[in-house]
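K.L.:
Residues in the sequence shown are numbered from 1 upward in steps of one, following UniProt numbering.
Since the hints were made in silico from the structure, they are not lab data.
All residues carry an ideal CB built from backbone N, CA and C; glycine is no exception.
Fair warning: there could be bad hints in the mix.
[Unchecked claim] Below, in silico cross-link-like pairs of lysine-lysine (DSS-like), each with a Cα-Cα straight-line distance of 25 Å or less:
1. Lys120 x Lys175
2. Lys175 x Lys205
3. Lys191 x Lys175
[Said to hold, decoys possible] FRET-style restraints, in silico, Cβ to Cβ:
4. Glu86 x Ile59: 56 to 62 Å
5. Thr165 x Pro99: 52 to 58 Å
6. Glu206 x Val61: 55 to 61 Å
7. Thr107 x Asp192: 39 to 45 Å
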Amino acid sequence: MGLILGGALLIALSLWTIIAPRQQWQLLNAWRYRDPDANEPSDLSYNLGRVAGVITIVIVVVFAVVLIRDENSPERDAAKAREAREQIFGISSARLTTPPPPGTSGTPVAVWRWATPSEKFLTDLGEVPVGTDVLIAVDGAYRADAMTVAETPTEVTVTLRGTCTQAELLCDMEKRTNAVPPIQLIPLDLKDPLGSRPVIDGSTKEEAIGR
1 MGLILGGALL IALSLWTIIA PRQQWQLLNA WRYRDPDANE PSDLSYNLGR VAGVITIVIV
61 VVFAVVLIRD ENSPERDAAK AREAREQIFG ISSARLTTPP PPGTSGTPVA VWRWATPSEK
121 FLTDLGEVPV GTDVLIAVDG AYRADAMTVA ETPTEVTVTL RGTCTQAELL CDMEKRTNAV
181 PPIQLIPLDL KDPLGSRPVI DGSTKEEAIG R
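I would like the entire structure built from these sequences, with the hints used as guidance.
P.N.:
Below you can see the structure in the form of structure tokens.
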């Protein structure tokens with residue numbers, strides 16, 4: 001906002017310099033002289049001021065175009081998305097995956113986090129399937145092979161099963177506080193809107209951390 005106001009003020013002053021340089025000098029500078037008429041700038045000075053005004057306007061416009069282009073660039077959007085994922089999931093590296101089928105095979109896999117779909121953290125990850133109500137985040141050390149969802153009027157329980165694909169040390173989540181990148185975001189289409197219902201991790205029977 002400050003840059004916008006500053007740019008607008010510069011353009012306004014520059015236009016004044018171009019259109020009425022003598023008036024500008026009389027209002028802003030003549031008061032400093034005992035005899036203003038004897039100290040008034042020459043026509044050449046006024047014309048140089050006009051040129052400086054034109055150059056100033058061009059610089060301000062070019063600077064504004066560059067800022068707008070940078071603000072709306074894909075790189076900027078991706079950086080904002082990574083920052084949003086860092087805040088929501090505790091890690092910026094992520095990928096969208098397809099929901100695993102229902103099943104009971106494999107070992108329990110914990111729900112790392114969950115979040116409702118938002119463009120602010122999905123911008124650079126691709127399109128989320130239509131109807132997705134929740135995105136279930138899974139630690140990148142695990143592969144989710146099966147997912148069972150149980151809905152009641154008061155809660156939604158998500159039970160994941162699969163296998164650890166990393167070294168044994170990374171498979172023990174109690175020995176680390178951060179997820180292994182990239183986390184997997186699994187789209188979940190509920191029968192009813194989530195609303196205020198908590199998401200329960202079926203592997204721990206505890207409420208999963210959501211945003």
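K.L.:
Next step is simple, just say for each hint if it's right about the structure.
P.N.:
Outcome of the hint check:
{"no.": "1", "hint": "Lys120 x Lys175", "result": "violated (31 Å)"}
{"no.": "2", "hint": "Lys175 x Lys205", "result": "holds (20 Å)"}
{"no.": "3", "hint": "Lys191 x Lys175", "result": "violated (36 Å)"}
{"no.": "4", "hint": "Glu86 x Ile59: 56 to 62 Å", "result": "violated (36 Å)"}
{"no.": "5", "hint": "Thr165 x Pro99: 52 to 58 Å", "result": "violated (18 Å)"}
{"no.": "6", "hint": "Glu206 x Val61: 55 to 61 Å", "result": "holds (57 Å)"}
{"no.": "7", "hint": "Thr107 x Asp192: 39 to 45 Å", "result": "violated (30 Å)"}
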